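**Q** Read top to bottom, the protein sequences are chains A and B.
Residues in the first sequence are numbered from 4 upward in steps of one, following the numbering used here.
Residues in the second sequence are numbered from 9 upward in steps of one, following the numbering used here.
Do not take every clue at face value.
[Unchecked claim] Result set (SDA-like, lysine to any residue): computed pairs, CA atoms no more than 20 Å apart in a straight line: (1) Lys400/B with Pro50/B; (2) Lys382/B with Tyr67/A; (3) Lys281/B with Glu270/B; (4) Lys382/B with Lys52/A; (5) Lys52/A with Glu16/A; (6) Lys268/B with Leu302/B; (7) Lys268/B with Met83/A; (8) Lys86/B with Arg148/A; (9) Lys74/B with His130/A.
[Claimed, not checked] Some chain A residues flagged as far from chain B (calculated, every beta-carbon gap over 10 Å): (10) Leu48; (11) Arg54; (12) Arg94.
Rather than coming from a laboratory, the hints here were simulated on the basis of the structure.
All of these numbers come straight from a predicted model, not from anything done at the bench.
Cβ atoms here follow ideal geometry from the backbone N, Cα and C, with glycine treated the same way.
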Amino acid sequence: VPDATGLELLAGELRDADPEAVVGTLHFRGKGAIDVAPSRIRPTLRFLKERGFRFLASVHGLDYYPEEPRLGVQYELLDMRQVDRLTVRLRVPTDAPEVESVTPDWPTADHQEREVYDMFGVIFDEHPDLRRILMPEDYEGHPQRRDFPMGGEAVLFTHNEPHLPGWWQP
Amino acid sequence: MSEVQQRSAIPGMTYRQMESSVELDHIPHPEHEELLTLNLGPHHPATHGVLRLITTLEGEVVRDIKPVIGYVHTGIEKNCEDKAYWKVIPLVERMDYLSYYFNAMAFCGAVETLLDIDVPPRAQYLRVIHMELNRIASHLLWLATGGLDLGAMSVFWYGWRDRDLILDLFEMSSGQRMHPRYFQVGGVAEDIPEGFEAKCRAFTAQFPARIGQFEELIDRNQIVLERLRGVAAVDERTLLELGVTGPLLRAAGNPWDLRKAEPYCSYEQFDFKIPVGTVGDNYDRYRVRMAEMLESCRIIEQALDGLPEGAYITDNRKYALPPRHELATSMEALIHHFKLVTEGFRVPPGEAYYPIESPRGELGCFVRSDGSSKPARVHMRDPSFVNLQAFKPMVQDLYIADLIAALAMLDPILGGIDR
Numbered sequence: 004v005p006d007a008t009g010l011e012l013l014a015g016e017l018r019d020a021d022p023e024a025v026v027g028t029l030h031f032r033g034k035g036a037i038d039v040a041p042s043r044i045r046p047t048l049r050f051l052k053e054r055g056f057r058f059l060a061s062v063h064g065l066d067y068y069p070e071e072p073r074l075g076v077q078y079e080l081l082d083m084r085q086v087d088r089l090t091v092r093l094r095v096p097t098d099a100p101e102v103e104s105v106t107p108d109w110p111t112a113d114h115q116e117r118e119v120y121d122m123f124g125v126i127f128d129e130h131p132d133l134r135r136i137l138m139p140e141d142y143e144g145h146p147q148r149r150d151f152p153m154g155g156e157a158v159l160f161t162h163n164e165p166h167l168p169g170w171w172q173p
Numbered sequence: 009m010s011e012v013q014q015r016s017a018i019p020g021m022t023y024r025q026m027e028s029s030v031e032l033d034h035i036p037h038p039e040h041e042e043l044l045t046l047n048l049g050p051h052h053p054a055t056h057g058v059l060r061l062i063t064t065l066e067g068e069v070v071r072d073i074k075p076v077i078g079y080v081h082t083g084i085e086k087n088c089e090d091k092a093y094w095k096v097i098p099l100v101e102r103m104d105y106l107s108y109y110f111n112a113m114a115f116c117g118a119v120e121t122l123l124d125i126d127v128p129p130r131a132q133y134l135r136v137i138h139m140e141l142n143r144i145a146s147h148l149l150w151l152a153t154g155g156l157d158l159g160a161m162s163v164f165w166y167g168w169r170d171r172d173l174i175l176d177l178f179e180m181s182s183g184q185r186m187h188p189r190y191f192q193v194g195g196v197a198e199d200i201p202e203g204f205e206a207k208c209r210a211f212t213a214q215f216p217a218r219i220g221q222f223e224e225l226i227d228r229n230q231i232v233l234e235r236l237r238g239v240a241a242v243d244e245r246t247l248l249e250l251g252v253t254g255p256l257l258r259a260a261g262n263p264w265d266l267r268k269a270e271p272y273c274s275y276e277q278f279d280f281k282i283p284v285g286t287v288g289d290n291y292d293r294y295r296v297r298m299a300e301m302l303e304s305c306r307i308i309e310q311a312l313d314g315l316p317e318g319a320y321i322t323d324n325r326k327y328a329l330p331p332r333h334e335l336a337t338s339m340e341a342l343i344h345h346f347k348l349v350t351e352g353f354r355v356p357p358g359e360a361y362y363p364i365e366s367p368r369g370e371l372g373c374f375v376r377s378d379g380s381s382k383p384a385r386v387h388m389r390d391p392s393f394v395n396l397q398a399f400k401p402m403v404q405d406l407y408i409a410d411l412i413a414a415l416a417m418l419d420p421i422l423g424g425i426d427r
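Produce the entire structure from the sequences given, and follow the hints as far as they go.
**A** Shown next as structure tokens:
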């Protein structure tokens, strides 16, 4: 979105369609961002898709620790005809990190939502195959969270494998 | 013989049961044909890294494929959160290890957006020169290994030969052949040395003839042509839905290139064309990348011709190191140097997403700053990671031999996928 006025107009259209969808807007360094309620993400993105933002470039997760609600998911939308970018953001708490999956409308979100689940523990409802993608299947915890310690894990080699108890047990 | 101890991550479950992703029920197949699940990789030379593919075969035909990734996940994004901004650059360069200049550019661009600082024109041109050289080097390695997968061994050796010329140029300007930490926030680390321009011009003068040599090796080779033409075609609509960008999308006829669409780093000042394909099969992917190398060569020549005079890094001492000689005479320079080297610079709070056109598609770097001297979140939208999702529509119902060719033409870099 090139200017703050255009962003407000777009947010106004979204509010007309669903009064509770838009929580706030932000225009920062020439780029617009719309904050939406987590429960309204799928209709909001579908509305924006019909408005021309037909390409979902990226989905990324964030941890706003120590702010609450902690976890964030951001969707980078792209309008290839107008060459226009828009960020759609949402925040969920760690005790109920549930977001509707957008994979029915955007098949590209499949791997990216799996990565956000793997790294932050955000659960995408109705995702067709929500498993860990980068970490091992039996890994515990979500390593990109800000309170997850760095470097506390012993590295497995053949020589110390028998002395690291329990790594193969649940 | 003693009994072999079965060890599995979950007791009582075999590895086959743990692979819950493999479901054979949904695949329609004749009763008499048996479906076979075959594991390809992760340690296999044709998977271009440590990509593991769980393929379901009916005879020799691929019916289903599941990529399993994460074997070279090294937690780079997590480590970035523990480093000052300028120390993050060498880390992100190691993500997609064939397009290191692009990774650094995406990160520096995102930080520069947050800082709201300008990059001097000479630095922008130097960045363009290095990125386009890097694009050629990356495509040459794709051509070399792709040729190897198709059995074209000579292409493999000649590809490495020409890539080495580019690495020599990188060594000359930045001291390293790979992962040079040449791009800095606000510009580049050093000006190009004496003689770089002449050597670079010698390369660009010679390179179109080298492309001609490759085309003579490949373009009339019936084996290669039959394995590329009409194989693994995916239409533009499916590719866009799967988020595929770069040469794969352009091969399907969509001229989307961020260098033209959203020019960054003064790409709007160069005259170049965007090669596009027609049907989006393996042959188009091959032709598009070959034509892209020639266009990159033209951009490098134009950048050398129009290389502006002036500073190679921003003169804002809050973000760029002062010149070495000033440290002996200026107390202020010494303070700036000390602050930058010990703590690093602080970045105002905010979030920025900076997309650029890497050799594989849209490479976007997302940086969130909380106002401290370390980023609160660094995320790379790596094109290989997203493009890999298009592999299933590419190879479904093809022979397993074509799967190898299609993977070579997809050109995934596992360092970028796993990060």
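**Q** Are the Cα atoms of Lys268/B and Leu302/B separated by 20 Å or less?
**A** At roughly 16 Å apart (the allowed maximum being 20 Å), Leu302/B and Lys268/B satisfy the hint.
**Q** Would you check the hint for Lys86/B and Arg148/A, treating anything up to 20 Å between C-alpha atoms as holding?
**A** holds, 9 Å
**Q** Against the 20 Å threshold, does the CA-CA distance of Lys268/B and Met83/A hold or violate the hint?
**A** Satisfied, since the Cα-Cα distance of roughly 12 Å is no more than 20 Å.
**Q** Hint check: Lys74/B vs His130/A, CA-CA at most 20 Å. Holds or violated?
**A** With a Cα-Cα distance of about 16 Å, the restraint between Lys74/B and His130/A holds, given a limit of 20 Å.
**Q** Looking at Leu48/A again, its CB stays over 10 Å from all of chain B?
**A** Consistent with the label, Leu48/A stays out of reach of chain B, its closest Cβ about 14 Å off (over 10 Å).
**Q** Tell me if the straight-line CA distance from Lys52/A to Glu16/A falls inside 20 Å.
**A** holds, 13 Å
**Q** Verify the proposed pairing of Lys382/B with Lys52/A, using a straight-line Cα cut of 20 Å.
**A** violated, 35 Å
**Q** With a cut-off of 20 Å on the C-alpha distance, tell me whether Lys382/B and Tyr67/A pass.
**A** It holds: about 14 Å lies between the C-alpha atoms, which stays within 20 Å.
**Q** Please check whether the beta-carbon of Arg94/A is more than 10 Å away from every beta-carbon in chain B.
**A** With a cut-off of 10 Å, Arg94/A remains clear of chain B, as the shortest Cβ separation is near 13 Å.
**Q** Compare the distance between the alpha carbons of Lys281/B and Glu270/B with 20 Å, and conclude whether the hinted pair is satisfied.
**A** Roughly 15 Å separates the two Cα atoms, so the pair holds.
**Q** Determine whether the non-interface label on Arg54/A survives the test: each CB of chain B must be over 10 Å from its CB.
**A** Holds, since 16 Å exceeds 10 Å.
**Q** CA of Lys400/B to CA of Pro50/B, is that 20 Å or under?
**A** The hint holds at about 17 Å.
The structure shown violates just one earlier hint, number 4.
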